[in-house]
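Visitor: Chains A and B are the protein sequences, given in the same order. Residue numbering for the first sequence follows the numbering used here, starting at 1 and increasing by one per position. Residue numbering for the second sequence follows the numbering used here, starting at 1 and increasing by one per position.
Calculated directly from the structure, the hints in this document are not laboratory data. Keep in mind the model is a prediction, meaning the values are calculated, not measured. Cβ coordinates follow ideal geometry from the N, Cα and C atoms, glycine included. Some clues are possibly wrong.
[As the list claims (entries may be wrong)] Simulated restraints on C-beta separations:
#1 B/336 - A/33: 33 to 41 Å
#2 B/267 - A/210: 29 to 37 Å
#3 B/331 - A/8: 52 to 60 Å
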Amino acid sequence: MSSANSLLSTPPYGLNKRDKAALYRLALSRLTQKHYQNCTEYRDIVDGLGFDPTVKAPAEALPFLPVRLFKDFSLKSVPDKDILKTMTSSGTTGQQVSKIYLDKTTASLQTKVLSKIVANLIGPKRLPMLVIDSRATIKNRSHFSARGAGIIGFSMFGRDVTFALDANMALDINAVENFCAKHKGQDVFIFGFTSIIYQHFITPLQESGKRLSLDKATLLHGGGWKKLEDIAVDNAHYKRLLEDVAAIDKVHNYYGMVEQTGSIFPECEFGHLHASIFSDVIIRDTALKTAPHGTKGLVQLVSLLPESYPGHSLLSEDMGVILGEDDCQCGRAGKYFQIFGRAKQAEVRGCSDTYVAK
Amino acid sequence: MIRMSQNNGINILAGQIPETAKANRPFSEEVCDFFSALSAALLRDPAIKSEADPDVISFAFWCRKSQIEAMHAIFKDEYIRLGRGIAFHISPGNVPVNAFYSFAFGLLSGNANIVRLASKQSGAVDSILTVINQLFAEPQFSSLAATNAFIRYDRDNLDATKQLSARCDARIIWGGDAAINDIRKSPISPRTHEIAFADRYSFAVLDAKTIAALSAPAIERAAVNFYNDTLLMDQNACSSPHLIAWLNGEDTAAKTRFWQAFTVYRNKKADLEPVEAVDRHTRLLSGFITGPEQQLQTQADDSLLRVKLLKLPADMDRLRGVHGLFYEYDIKDLDDLAHIVNNKYQTLTYLGPDKIDLADFVIKNRLDGIDRIVPVGDALAINAIWDGHAVLKELTRILDVR
């Protein structure tokens, strides 16, 4: 049985540093060996690095795969017949998409873990839910985009799920106002992607001058700040805007990637992103050595969920800093951190074939 | 006749697009004076620092008077030569400064030039362009200003490429294979001569015995030279070695000595950018998957990554290092390399072996590739013979008088 499964009855932020490290040595070693035995590409990597997969190494010592490898290779540790669905994400590095292969075990773990993490924010009961997106995004169920998968994944924690945008991504103000009226005075859950909420919810509300009163709502949003950085909207400004246009004061960003769906890192009441018991974060310097807490560097993500693909230890292209461990004012144990967005693209030099034909 | 103006999407950054071109004698006084003036102005320019702009400084030295004279001396032969007319240069996206070398070849050989610069902004290109604009404004160079242009236009502006290609008498394409194929969709006239500098692969042959015997200053110099061949251009230049073939490689102490000297020098230079660190790690891991059996000789988080190959596959040229990732393989003699060389191979840099033996290796094995055999340190030294072409001569026509 997977280690993540056995943790499902533990509170999602209930492991301190020492206990987590001990547990992760065993859990990660099992995953490393499983992928080593079942994924040839992963085996080539582990052998090339000279890493002994049988060693119960700490998370910091494990091989980590740059997420781009999931674009260049089909990495899976289960036979094709066991693949339940394939998730894709384009990312921004190029034309190729990441392909993440999920079997039943992994897909089910993702749902269970996500539900534990979300319940920690909105409570265990399903709440009326407003999705700031269009229903059209979730049409094709066998081949998920990261956005579609996100919406479906999070919709499980809601009832009376209402989509705020029409098929053309325009704000369906009637639907939203009906939702507000119907659930007036009740706790509600709002979900959407950071840039879509800004562009298709905040902006049209600002323009129309309409003000919604969603003061009992908890809003969870993720997907990255790239587009908002370009127009200089940061997290604090974003929260202020949501308060202004819709009276939403409980706004939680989350960090996560399609390569490790489920074990997301939500923001606490104090504005810090948190690693749950199902995942961990490590910061590395430009030599890829582990960096101490408080030092900005590349973000490595560790998750106990990936059983069907070797994605339990990944190197992202994001920059972040660990703010502390086990001592956030919100009371959650584990590391808490901040993300600065994608590492800056360096000027390319050389004359190899980097030209991209149109 | 081509009428070019801003409204077809072409942005002229210096000079004027020539409408017609009169064939000039190569190495005309005016042109030689222009390069002397350009070199002097660049070397004097207080805005250009040798540390910050090694590309600009290298170019300034490359086109100084004595160098131009030396090129002229090599160029001279028994034929009367004239420029071909208008040379259209499509410069590389990733070594932007090569545009000026290409321009120099075109101008020195007696052509009018249209140089399309890469769209990517580059400080080195801007510095040199500023000085060229200043020189073009001087009366002495007014006729050069009227017949030479530096331009930029969007990659998807096919009309511009079509018009310029249809009109030019020589087309020089720098770029990856995809870029070259793309440009070739725009036809040139039947008489037009084309030189394509395609994507190439390069390697080094180092003799461990030679390295063991080097004096302390000599090993330092070798390390600096190797750094300049490789990391100066992040190992992305066509002539930068990716594979190091070791002669007498059982002398691991000598190898360590070489790499230590390299690391000492390298660590004085700027650190990797985070993105570069990710790129390098991705390249390393991809190589484990796609390449032959191999072992990382260093830690994955060392500033230098040495990968020892246990076999040398025929498609070795697919395995490329970047940002301080190198592939190494021990050879008994040069012939161990013959099976990997194909027409993608450009430069063999060497330290130790005799260059005559290296040339013999290419000739004897009748290899399709290897166009340059140069000592370590000269990998990037561009000259009138480049990529197997006598570039200056190819940009002229011969007037045969009997």
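Visitor: If a hint holds in the structure, say so; if it does not, say that too.
Guide: Outcome of the hint check:
no., hint, result
1, B/336 - A/33: 33 to 41 Å, "holds, 38 Å"
2, B/267 - A/210: 29 to 37 Å, "violated, 59 Å"
3, B/331 - A/8: 52 to 60 Å, "holds, 57 Å"
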